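Chemist: The residues making up each chain are set out below.
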Amino acid sequence: MNMERAASALRVAGLRKTFQRPAVDGLDLKVGQGEFYALLGPNGAGKTTTLRIVGGLLQPDAGEVSIFGIDALAKSVEAKRITAWVSDEPMIYDKLSPTEYLAFVAGLWGMDAAVAENKSAALLEWLELKPHAHERCEDFSKGMRQKVALAGALVHEPKLIILDEPLTGLDARAARLVKDALLARVRQGCTVIMTTHILEVAERMAERIGVISRGRLIAEGTLEELRKQSGSSNTSLEDVFLSLVAEQEMARESGL
Amino acid sequence: MTAPGSWLWLARHEGLLAWRDLRYLMTGGGRWRGRNVVIVSVMLAIGLHMIAFGVVARYAGMTLEVGTRGFTSITGSLLLIFFLLLSQALEQVTRLFYGRGDLDLFRSSPAPLRRLFAIRVVAIGVATTIMALVVALPAIDVLSFLGGIRWFTALGVAVAAAATTAGIALVLASMLFDALGPKRTRFAAQVASAIVGSAFIIGVQAVAIQSIGTLSPRALFDSDLVLSRMPPPDSALWIPARAVLGSGWDLAITVTVAAIVLVVPMVLLSGRLGGYAIATASVSHGGNRRAWSTRLFRTASSRQLLQRKEWVLLLRDPWLASQTLMQLLYLIPAGLLLWRFYGDSRGTLIVLAPVLTMAAGQLGGGLAWLAVSGEDAPDLIASAPISPMHNLSAKVEAVLIAVFAIFSPFLIGILSHSWTMALIVAVSILVAAFSSALVQIWFRSQARRRYFRRRQTSSRIATFAEAFSSVAWASAAALAANHSWYAIAPAIVAVLVLAGTWTIRPR
Chain V
73 MNMERAASAL
83 RVAGLRKTFQ
93 RPAVDGLDLK
103 VGQGEFYALL
113 GPNGAGKTTT
123 LRIVGGLLQP
133 DAGEVSIFGI
143 DALAKSVEAK
153 RITAWVSDEP
163 MIYDKLSPTE
173 YLAFVAGLWG
183 MDAAVAENKS
193 AALLEWLELK
203 PHAHERCEDF
213 SKGMRQKVAL
223 AGALVHEPKL
233 IILDEPLTGL
243 DARAARLVKD
253 ALLARVRQGC
263 TVIMTTHILE
273 VAERMAERIG
283 VISRGRLIAE
293 GTLEELRKQS
303 GSSNTSLEDV
313 FLSLVAEQEM
323 ARESGL
Chain S
-6 MTAPGSWLWL
4 ARHEGLLAWR
14 DLRYLMTGGG
24 RWRGRNVVIV
34 SVMLAIGLHM
44 IAFGVVARYA
54 GMTLEVGTRG
64 FTSITGSLLL
74 IFFLLLSQAL
84 EQVTRLFYGR
94 GDLDLFRSSP
104 APLRRLFAIR
114 VVAIGVATTI
124 MALVVALPAI
134 DVLSFLGGIR
144 WFTALGVAVA
154 AAATTAGIAL
164 VLASMLFDAL
174 GPKRTRFAAQ
184 VASAIVGSAF
194 IIGVQAVAIQ
204 SIGTLSPRAL
214 FDSDLVLSRM
224 PPPDSALWIP
234 ARAVLGSGWD
244 LAITVTVAAI
254 VLVVPMVLLS
264 GRLGGYAIAT
274 ASVSHGGNRR
284 AWSTRLFRTA
294 SSRQLLQRKE
304 WVLLLRDPWL
314 ASQTLMQLLY
324 LIPAGLLLWR
334 FYGDSRGTLI
344 VLAPVLTMAA
354 GQLGGGLAWL
364 AVSGEDAPDL
374 IASAPISPMH
384 NLSAKVEAVL
394 IAVFAIFSPF
404 LIGILSHSWT
414 MALIVAVSIL
424 VAAFSSALVQ
434 IWFRSQARRR
444 YFRRRQTSSR
454 IATFAEAFSS
464 VAWASAAALA
474 ANHSWYAIAP
484 AIVAVLVLAG
494 TWTIRPR
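Read top to bottom, the protein sequences are chains V and S. Numbers in the numbering used here are just positions in the first sequence, counted from 1, shifted up by 72. For the second sequence, position 173 (counting from the first letter as 1) is numbered 166 according to the numbering used here, and the numbering increases by one without interruption.
The set of hints was computed from the structure by calculation and includes no laboratory data. Each hint should be verified, as a subset may be incorrect.
[What the hints assert, rightly or not] Think about it this way: if two alpha-carbon atoms lie no more than 20 Å apart in a straight line, the pair counts; the simulated SDA-like pairs of lysine to any residue are:
hint, chain 1, residue 1, chain 2, residue 2
1, V, K231, V, D166
2, V, K147, S, P378
3, V, K102, V, T294
4, V, K214, S, D372
[What the hints assert, rightly or not] Taking beta-carbon pairs under 10 Å as the criterion, some of the chain S residues facing chain V (in silico):
hint, residue
5, H6
6, D134
7, G264
8, R288
9, T292
10, S294
11, R301
12, L307
13, D372
14, I374
15, A375
16, S376
Model, not experiment: these values are computed from the prediction. Don't be surprised by glycine CBs; every beta carbon is placed ideally from N, CA and C.
Let the hints inform the model, and build the full structure from the sequences given.
Modeler: Take a look at the structure:
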């Protein structure tokens, strides 16, 4: 295993994916182990496509994806074993209860049944789902469904958690729970990469932020580094983000 | 007249939605190509008229003097169509309460909900009438061409039948709702619809098998057993039959009764329909119960997990289970035939081989759609550490095991009679189900499970491929059960159908 590659949790190089138009256009990205990384960008910038490729849900047209040194395109099953994916639309089964769902997910990831049972119980308690542990998910609110999906992502102890807009539609309490759960995992050494339109969340939670536009990474770094790149200090991430994207659009229109 | 919220305005809105639905039905969601639709419609019309010619041409000379035998045949045919229409109408009326769609919008608007429901009941009547005409018009055309325009009175009977079914369906659905409440009515109506749609033909076939040893309803209607129990030709029971044969007076009575049966419930019940819809919106499926399947999931390999998940989801969704299994009702006559001729010569049982194979093909297709296209958590499965092939093969196995389990009582019955025939039927059942599953895999298109009924319109090619391969395997099974080497021919046709389908699959 390449030592330089192994030091990074995620390494993406020259990633390309075209649908009707290029969605990801030669993207390079590197996320360190134990890092909380936020990927920002306007609608249609290629954030979700990038994360779906990293999560093994889409095949790229070209490029490399390496997760903890594992070639995620050639050895996708091996890479998925240490990865979890959470989308904005909770992917759960209406006719299963949270307990059954977690048992199913743990089984898919090949976990020991006893370990899985303990972890499931702890997660359900932590996410305040214990009173509903044996109810079918069909009557759950969006927030409860998202918490069940998050529990499914955490139950198998992934080393890399990929989240696509995980806070969409959540109330303040549920959002706080999800954020706390993610920060706790990062403190335990887990790597998190997340897209969000709530810039305040990225500002407060992420150690590094990547800004993507038209399938390319246009800026990357800590909030301070991004401020420097955009040439504005003491401004919010929202201002920095809008400034970077506008700059990119102007450069594109002027053919630079 | 067309002020927003008025009768006409709402009717126009409903008409637009119905037209869009019809377009979807005809194009499968693809682009609307007027020329193609006209060509397909003309070909369909020609095909239906040719079938109608073969079936009804010999009855063109019938007059009002046909007597009890003729009236019995006509009334039997009318009842068959009537129950099929009633089944469809009952399902459509139930959908009025449970289809969330735009009801929340209407409920939050000042437009009177009663008016909307009244228009939607009329729309159901119109839709049922169109269906009745699709079935009846080719036969009426043929009869009128050969026997004179007096046969056009049958059109009035078809319209009356459709209106009657819409009215009865409204009453039945309302009774079910009052008796069972919003939580259970949908399932009960689904089962009632399946039973109503199939009960008459199954009942007739069952009586035919028991009394005269054949599956043919016509033979039963012509038998002395039935004719000796029928009333004389001037009985009121034959009013619809006399209307079909050109009696204007009887047609007037039929249409009047139908109008009363439709309008009275519509006036009396349309005010309550809004309440039903509100009640369905507040249904809770909850209840804290310790789930038995948790242990099933904890002690399984990933392959077994995927299979068990499919079975658990199906078992927990009575509506879906009834949708999937209702076609098995049509196996009842086959089961009766097996029971009636158990121990008789092999020849009598040969008819079972194609019937079971055909049913297995259709059931396999439905289950495969649920497992593959109807996957509720596709991202979870795609992100799990299992290969796509492992996932698909586990799901196909789940389908085949379910099909085999459902058909095993028949196989055990046949096995007691002839092990070679049981083997032939078992193989043909599995091959037909597997073929349908392959078609569903090649044409998979992610959809919510609740859109199960629309699966047949989402891809015309997949629907026809599934049907053709099932028919071809059923033919092969029939010939193989007869120990004929000609079975190879339809088997090759089935393989060619599958090969052709594979080449034009979406990539």
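Chemist: Work down the list of hints and note, for each, if the structure agrees.
Modeler: Hint check results:
With a CA separation close to 28 Å, the supplied pair K231 (chain V) and D166 (chain V) exceeds the 20 Å bound. Taken as a hint, the K147 (chain V) and P378 (chain S) pair is honoured in the structure, with Cα atoms around 10 Å apart against an allowance of 20 Å. With a C-alpha separation of about 14 Å, the suggested pair K102 (chain V) and T294 (chain V) falls inside the 20 Å cut-off, and the hint holds. The straight-line distance between the Cα atoms of K214 (chain V) and D372 (chain S) is roughly 17 Å, inside the 20 Å bound, and the hint therefore holds.
Contact between H6 (chain S) and chain V, as hinted, is not supported at the beta carbon level, the nearest pair being about 30 Å apart and thus beyond 10 Å. A least Cβ separation of about 47 Å between D134 (chain S) and chain V goes past the 10 Å threshold, and the interface hint is therefore violated. For G264 (chain S), the suggested interface contact is broken, since its CB lies about 29 Å from the closest CB of chain V, more than 10 Å. The criterion of a C-beta within 10 Å of any C-beta in chain V is met by R288 (chain S), whose closest approach is roughly 8 Å, and the hint holds.
Residue-level restraint check for T292 (chain S) holds (minimum Cβ-Cβ distance to chain V is 6 Å; threshold 10 Å). Given hint, S294 (chain S) at the interface with chain V, holds; its Cβ is 8 Å from that chain's nearest Cβ, closer than 10 Å. For R301 (chain S), the interface hint holds, since its Cβ comes within 10 Å of a Cβ in chain V; the closest pair sits about 9 Å apart. At its closest, the beta carbon of L307 (chain S) sits 9 Å from a beta carbon of chain V; the interface hint therefore holds under the 10 Å criterion.
With a cut of 10 Å, the hint placing D372 (chain S) at the interface with chain V holds, because the nearest CB-to-CB distance is about 5 Å. Hint on I374 (chain S) holds. Least Cβ distance to chain V is approximately 8 Å, under the 10 Å limit. Hint status for A375 (chain S): holds, given a least beta-carbon distance of 5 Å to chain V, under 10 Å. Annotation: S376 (chain S) was flagged as interfacial toward chain V, and the flag holds, the nearest CB pair being 4 Å apart, inside 10 Å.
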